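In the order they appear, the protein sequences are chains B and L. So in the working numbering, the last one in the first sequence is 337, and the numbering has no gaps at all. So in the working numbering, the last one in the second sequence is 804, and the numbering has no gaps at all.
Certain hints may be false.
What the hints assert, rightly or not - Pairwise CB distance ranges, derived in the manner of DEER restraints:
#1 P694(L) <-> G187(B): 51 to 57 angstroms
#2 E191(B) <-> A353(L): 36 to 42 angstroms
#3 F354(L) <-> P282(B): 47 to 53 angstroms
#4 F354(L) <-> W324(B): 37 to 43 angstroms
What the hints assert, rightly or not - Here chain B is said to cover these stretches of chain L; the calculated rule only asks that three of the stretch's residues, wherever they fall, bring their Cβ under 8 angstroms from a Cβ of chain B:
#5 411-418
#6 501-507
#7 668-681
Stated by the list, open to error - List of simulated lysine-lysine pairs, DSBU-like, C-alpha gap at most 35 angstroms:
#8 K396(L) <-> K329(B)
#9 K464(L) <-> K382(L)
#10 K257(B) <-> K329(B)
#11 K382(L) <-> K460(L)
#12 K383(L) <-> K460(L)
#13 K329(B) <-> K687(L)
#14 K464(L) <-> K383(L)
#15 K257(B) <-> K114(B)
#16 K114(B) <-> K460(L)
#17 K687(L) <-> K257(B)
#18 K396(L) <-> K460(L)
#19 K329(B) <-> K460(L)
#20 K687(L) <-> K382(L)
#21 K114(B) <-> K382(L)
#22 K382(L) <-> K396(L)
If you're looking for bench data, these hints aren't it; they were derived computationally from the structure. Just so you know, these numbers come straight off a predicted model, no measurement behind them. For glycine and all other residues, C-beta sits at the position ideal for the given N, C-alpha and C.
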Amino acid sequence: MALGFETLAFIWAGLIAFAVLVYVILDGFDLGIGILFPMARSESDRDLMMNTVAPVWDGNETWLVLGGGGLFAVFPLAYAVVMPALYMPITLMLLALIFRGVSFEYRWRTRRWKRVWDHAFFGGSTVAAFCQGVALGALVQGITVTGRAYGGGWFDWLTPFSILTGFAVVIGYALLGATWLVLKTVGDIQEQMRGYARWLGAGTLALIGVVSLITPFLVPVYFDRWFNLPGSLWTMGVPILMLALVWSFFSGLRDGKDLQPFLSALGFFVVSFVGIGISFYPMIVPPSLTIWQAAAPAKSLGFALVGAVVLVPVILAYTAYAYWVFRGKIDPSQGYH
Amino acid sequence: MLEGFSAETLARFQFAFVVSFHILFPAFSIGLASYLAVLNALWLKKRDETYLRLFNYWKKIFAVVFGMGVVSGIVMSYQFGTNWSVFSDRAGPVIGPLMAYEVLSAFFLEAGFLGIMLFGREKVGEKLHMFATAMVAVGTLGSAFWILAVNSWMQTPQGYAIAENGQFVPEDWMAIIFNPSFPYRLVHMVLAAYLTTAFVVAAVHALHLLRDRTDGDSRRAFSMAMWMAVLVTPVQIFVGDEHGINTLQYQPVKVAAMEGYFDREGDNQPLALFGIPNAETGRLDYAVEVPYLGSLILTRSLNGQIQGLNEFPRAEWPPLVIVFFSFRIMVAIGFAMLGLGLWAAWARWKGRLYDQPWLLRAALVMGPSGFIAVLAGWITTEVGRQPYTIYGLMRTAESLAPVEAPAVATSLLAFIVVYFFVFGAGTFYVLRLMNARPGAPRPDLHDGPVRGAVIGPVTQHTSKAGH
């Protein structure tokens, strides 16, 4: 293995971040559709909304397994510290994802209980999104580490900040869902979603703004990262990029574009994610563990990297192919189920 | 209601609960994915609509079962961290990358091609659809490969070193993956999944044949399943026996517990057909034994000697009664499967495979047998390797996360309630799908135009194939 331990750990931190980001944007719009489910005006609209993601949701959710499994593989200490710290939100998220996941199949298998699984789809998606936001907030505000283990209590994650990030992710995912539906549908439902997208976009940006303003004051390192020269010259790129996306988002909606609002909304997530990355680096579990402290030995990193280098491009290729197969506006008469 | 239990007991119970539920789905979907690939290939090759109808019939059942498997599997990938984080930290460098390979090589393959397999026949054409179907099957097998490599390494660890910080670190990846018990465990599990599916398929179509013995689709499927039963069960019994010999070499305490051996019986080790292991007195109560058979099976000679439990410290004993009985349940089901396979072969030879009601009824009753055998087998091997998570090196008690008992109790109760509700409903839907005859539409369900839409392009393809 030509690469040293430091480089390997750095590459892996990037890969895990990439997996989490891909998860957030892909499952983000799936979950968003669940969050918007009660807004549908008819059963056929609900069928349509679900069918826009039915062929791809399973692949999308697999990125979550890669995020969790990958963390276990290459940063076992981070995994071992974070999971007990986020015990309740993670468990609740998993339970919610169970309801959300089975609804895709169950609601087509029954008439009497179809509404039950509609509610399960909405509730599961919303709670899963909220828990992911709470988990993010809890990680950002910092996790107590004692020795090689989590050192806090089982309710440390619950703070006003983590509740705020929970709401932010719910609203943000709903935005992704609404813009995805603008992309995939036509007619009344598209107009309806375009209307929602405006408000959800404004709400998402407001919440991103509030979270961004609070974050630098949570952990001193974050503050230095953002407000000390010369580094802050670089970090200024983040808000500038965000402003460009905001313009692109609202002008896309105004001009009746189909794809532009969706891509811009994805951009909000990507830029926010980069922002979190700037705050964290080189920590993986703030404020205590750096990526090098948490990383597995070089032999584990190298072995896993060979698989990732070969397989991640292949995965991206056939994921893109699956999206390509089911591309374009969804035909209401062509339900997949 | 769970006060008084330690976090460790609750975490053990939680893991046992979620993993036992989970294993039922792969046990079925590994076999069913391969069966679907075979049905689709036969349809493309022979252009006999029977295969297409069977494919579409089992495809729907697969979709529901696979969905349940995915969501229960995601829970598993987080259990290690939430409840067993000390284990995760120490074993992560060795088993983590294997799990990452499972996700990268298998999960994505299944999930990426599942949509095309379920919904994409018209969109991508027959050839690519066949490819997608095959990839789903390959994915399920790949998943079994990696997860059994992990489990087997924990049973027969090798190729590692122990670092200063207490972590197990890899020395030789080939030795880690191809550890001594892995080949046996992998083959045993994959065959178990195939048999589980074969007996479910047999039971469903036996039901339809009992209602209407002229049902051509059910005849075909029942026949295929009974070929599997008679051909694969003997292989499985042979593999299981070899696996047992391997276990005797690496985990003799487990075998002693499985067989209820407390003392070395000189040169005549009997085989206990029944008994109740009594850890207090160190004897097998109410034993019904066949002399010499234990020696013969485990050492391949009439006079071979086998170590008894009393030769090991009690702190190394697994829970005896569970291991003893779960092993016997698994073996008994294996022989019942063989019996049904032979009965069907005889009926087939007589030309009466489809019109012996008692054979069909027996097949119906045996429908869930594979699930019970798989569970019993896993309980044997997992309870049998206690008190260790990594055999001989790390105890289960040392593996626990720093979690508080109320947290584990709350999540345990939540898992129990949700699993019984969600998977109970799913099982009900699967049974209802199975209760419908292949090719019979259910007019009361809005089922989408899949079936209608598939027939259209398919007839076109048939005419093309005729050119």
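Is K329(B) close enough to K687(L), meaning Cα to Cα at most 35 angstroms?
violated, 57 angstroms
Can you confirm whether chain B covers the segment 668-681 of chain L, using C-beta to C-beta distances below 8 angstroms and requiring at least three such residues?
violated (count 0)
Do three or more residues from the segment 501-507 of chain L put their C-beta atoms closer than 8 angstroms to C-beta atoms of chain B?
The restraint on the segment 501-507 of chain L holds, since 5 of its residues have a Cβ under 8 angstroms from chain B and three suffice.
So is the segment 411-418 of chain L in contact with chain B by the C-beta rule, three or more residues under 8 angstroms, or is the coverage claim wrong?
holds (count 6)
Given the hint that K382(L) pairs with K396(L), test it: the Cα-Cα distance must not exceed 35 angstroms.
holds, 19 angstroms
So the hint says 37 to 43 angstroms: do the beta-carbon atoms of F354(L) and W324(B) match that?
The hint (37 to 43 angstroms, Cβ to Cβ) holds, given that F354(L) and W324(B) are roughly 41 angstroms apart.
Against the 35 angstroms threshold, does the CA-CA distance of K114(B) and K382(L) hold or violate the hint?
violated, 39 angstroms
Starting from K257(B), check that the Cα of K329(B) is at most 35 angstroms away, please.
holds, 13 angstroms
Below or equal to 35 angstroms on CA atoms is what counts here, so check K687(L) against K257(B).
violated, 70 angstroms
Below or equal to 35 angstroms on CA atoms is what counts here, so check K257(B) against K114(B).
holds, 34 angstroms
Check the hint pairing K396(L) with K329(B) against an upper bound of 35 angstroms on the C-alpha distance.
holds, 26 angstroms
P694(L) paired with G187(B), Cβ distance criterion 51 to 57 angstroms:
Between P694(L) and G187(B), where Cβ atoms are some 56 angstroms apart, the hint holds.
When the structure is compared with the earlier hints, violations turn up for hints 2, 3, 7, 13, 17, 21 and for no others.
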